[in-house]
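Each number in this note's numbering comes from the position in the sequence shown (counting from 1) with 16 added on.
For the record, the hints were derived by calculation from the structure and aren't laboratory data. No residue lacks a Cβ here, since even glycine has one placed at the ideal position from N, Cα and C. Relax, there's no trap hidden among the hints.
In silico DSS-like links for lysine-lysine, alpha-carbon gap of 27 angstroms or less: (1) K276 to K306; (2) K306 to K285; (3) K306 to K278; (4) K306 to K279; (5) K148 to K161; (6) K64 to K187; (7) K342 to K306; (8) K224 to K51; (9) K278 to K187; (10) K148 to K187; (11) K64 to K54; (12) K148 to K64.
Here are the simulated distance ranges between beta carbons: (13) E76 to A341: 46 to 54 angstroms; (14) E114 to G163: 25 to 33 angstroms; (15) P68 to R181: 19 to 27 angstroms; (16) D193 to A341: 56 to 64 angstroms.
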Amino acid sequence: MHLKDRLKAYQKNTTGNATARPRGGTERHHTLLTKLYKEHPVSREELKLPDPVARDFAHEVAVSELLFFDLETTGLGSSEQVYPFLIGAAQPSNAGTELHTWFADTPAGEEAILAQFVQMASGRVLVSFNGKSFDLPLVIRRCEKYGIRHDLARALHIDLFHTIRRIFPEKPARLTDAETRLLQFSRSDDISGAQIAQAYFEYLRFGKSDLRTAILRHNECDVLSLVSLLGRVSAAFEAARSGSRSWAYKIHRDKSASLKQKKQLLEAKPWHEIDGRDLHILGAIYRREKNLHRASRTFLASYRRGYPLAIVDAVRCLSRLPGRAKSARALARYGLAREDERIQTRLVPYGT
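With the hints as constraints, model all of the structure from the sequences given.
Below you can see the structure in the form of structure tokens.
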């Protein structure tokens, strides 16, 4: 059945033992459910975040500013027939994590659930899983359809899909993969994401409460897993800052840290623990600061620890220092006699 036909199907009369849905002006178009959670409903892990939370290698955000959200929709893509029928949004607090769930009991409830979500999201830091690519653009597009004013496009948005894939060795493609690999649990008796839209259409047509319950339970797990995952992400960023997690530390140092932070991270490590490549990075920082004496010594140490290109930089720094031309020439000749053609080509101007 075509998606457009399924959207219309809820209007048809039900048959058999299905429960008939109310019609006319007494019909309820949307429902808001609110519940407080102290632990994840599946993993039973405490839903507690450090305050503030590290959102990347350099910045933090207060827990009170966060709003975790996830949509359930009638399909994928950007056609007119694709719309959110359920929006789950969670707010952490000292008492626990309060989950608000807006459910469109009929397609006519979409506008109301969008308006209420937008009001709650105003001024918040949004947290999602792949929400930058799908969830948020869909909400913005549907708000434009109804003329709902919002500031979502300007909101700070932490997309855990991209963050996790950038900093963790695991590269989860789906939220359930992230749960398995990072939170160490798998859902049982859960409706799959691929079945959600069809279950909603069947609920619209037949009014089966068990389908509605299954969809709500699925979204509940989705949103609350975001809270647990942000806790893991924040811990990884903190570990990177301290250097206690080598892979995260190097990503921070090479990709996200400022020059000053990178220097502090490298200088904080004992000299004997820094490998040749890291010493070369530190030497480049000293050279950029015009500290050529320290840069040349650091480059030379890098070369001695197995980073061949560092000898070129050591020679260049020495050649620029007053009274060190002879030392630069001797070091260049040393490299010309021992290194491969790639290094030799760069040393020739200094060794003659």
